[in-house]
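Colleague: The listed protein sequences correspond, in order, to chains E and X. Residue numbering for the first sequence follows my numbering, starting at 1 and increasing by one per position. Residue numbering for the second sequence follows my numbering, starting at 1 and increasing by one per position.
It should be emphasised that the hints constitute simulated quantities derived from the structure, not laboratory data. Be careful, since some hints might not be right.
[What the hints assert, rightly or not] According to the in silico footprint, chain X covers these stretches of chain E (three or more CB under 8 Å from chain X):
1. 3-10
2. 32-44
[Unchecked claim] Just a sample of chain X residues kept apart from chain E, beta carbon distances all over 10 Å, derived:
3. THR15
4. GLY24
5. PHE37
6. GLU101
7. GLU143
Virtual Cβ for every residue (Gly too), placed ideally from N, Cα, C.
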Amino acid sequence: MAIRFRSRHLHATLAHLLRTELAALGWMNTPAVFGAAPVTVVDYQPDERGEPIARNTVAVTIGDVGQDEDEELGGGLRSAWYPMFVDIYMQESALSIAMADDLRDILDDRVLPVVNQITGEPFEGVTVRVEEVIGPERPQANIGAEAFKKNWRIIRAGLRLYYNP
Amino acid sequence: MAGSSTRFNAAGFRTAIRSVMEMGAPPKVEDRLTFHFDRTTAISGSTDSEGVPFDPAASMEVTTKPDLRVPCAVEYVNATDEPTRFGVVVPTRLKVTLLDEDYARVKDASSVTMGGDRYLRHAEPPAVGLFNVGVHEMVFVAENET
Chain E
1 MAIRFRSRHL
11 HATLAHLLRT
21 ELAALGWMNT
31 PAVFGAAPVT
41 VVDYQPDERG
51 EPIARNTVAV
61 TIGDVGQDED
71 EELGGGLRSA
81 WYPMFVDIYM
91 QESALSIAMA
101 DDLRDILDDR
111 VLPVVNQITG
121 EPFEGVTVRV
131 EEVIGPERPQ
141 ANIGAEAFKK
151 NWRIIRAGLR
161 LYYNP
Chain X
1 MAGSSTRFNA
11 AGFRTAIRSV
21 MEMGAPPKVE
31 DRLTFHFDRT
41 TAISGSTDSE
51 GVPFDPAASM
61 EVTTKPDLRV
71 PCAVEYVNAT
81 DEPTRFGVVV
91 PTRLKVTLLD
101 EDYARVKDAS
111 SVTMGGDRYL
121 RHAEPPAVGL
131 FNVGVHEMVF
141 VAENET
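Could you build all of it, start to finish, from the sequences and the hints given here?
Modeller: Laid out in structure tokens, this is it:
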């Protein structure tokens, strides 16, 4: 076993990446870019916790993982693929599109170490590569007010976690 | 919006209101409205957004504020809507009115019980007052009813 509870460390690493990069791009300033209200990055879907979805929120979540695969024969490198979803809820649809473009640039073809959230240091030999970045897409939601849904965009990405068993 | 007045007897007002609340409360103590609080957990080390530690061996100290009964007025509002396949749209709820000093003791309550039924914290309208005495309302919705 390479990393215990790897999904939680991976998820937290990605959320931290988005917070750091979006802050550097000015999205968390007051006012933020385009004069918008500062953006909040959360690592959960607010509605799943019974929380109202506040405008200018970016929610990063990861989905179900399939079977791990050998990358090298003979007990070498292995990998696991995770779907990642970034839901964008901005105050204007133009800002959602702008945010989506920045998120694409942050994530596209990105390789970064997975950080041990207990020690704050990267796990040795454990990296994640963002393989596919798709979107912005408009969710086919059948709930929520039209005025809200028009500003809702989603970026999907594939994460390939590499580790040595 | 309430103001302040040196001629207003706030202490006397509070005593009188609490007396009325006491008068209207059920005679059996166990039937009276009881406030319940979520447990709080102090964790060593980093946690995620749900407060769950990343370290499986992290030490946790769980504390729970004891249940409280304070003087209050309770208005029972019966469910006003028909059941739908999504559930009852407007569930039964309790409107609990408290004076500011009592509200301060229970403002972090997560639920109440009364008459064997449990009601979950739902909403809180803006506070009103009479001169310098604050009056608060807390709304709880029925979790289930017996």
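Colleague: Hint by hint, say whether it matches the structure.
Modeller: Now for the hints, and whether the structure bears them out:
| no. | hint | result |
| --- | --- | --- |
| 1 | 3-10 | holds (count 4) |
| 2 | 32-44 | holds (count 3) |
| 3 | THR15 | holds (39 Å) |
| 4 | GLY24 | holds (33 Å) |
| 5 | PHE37 | holds (18 Å) |
| 6 | GLU101 | holds (30 Å) |
| 7 | GLU143 | holds (14 Å) |
The earlier numbered hints are all upheld by this structure, with none contradicted.
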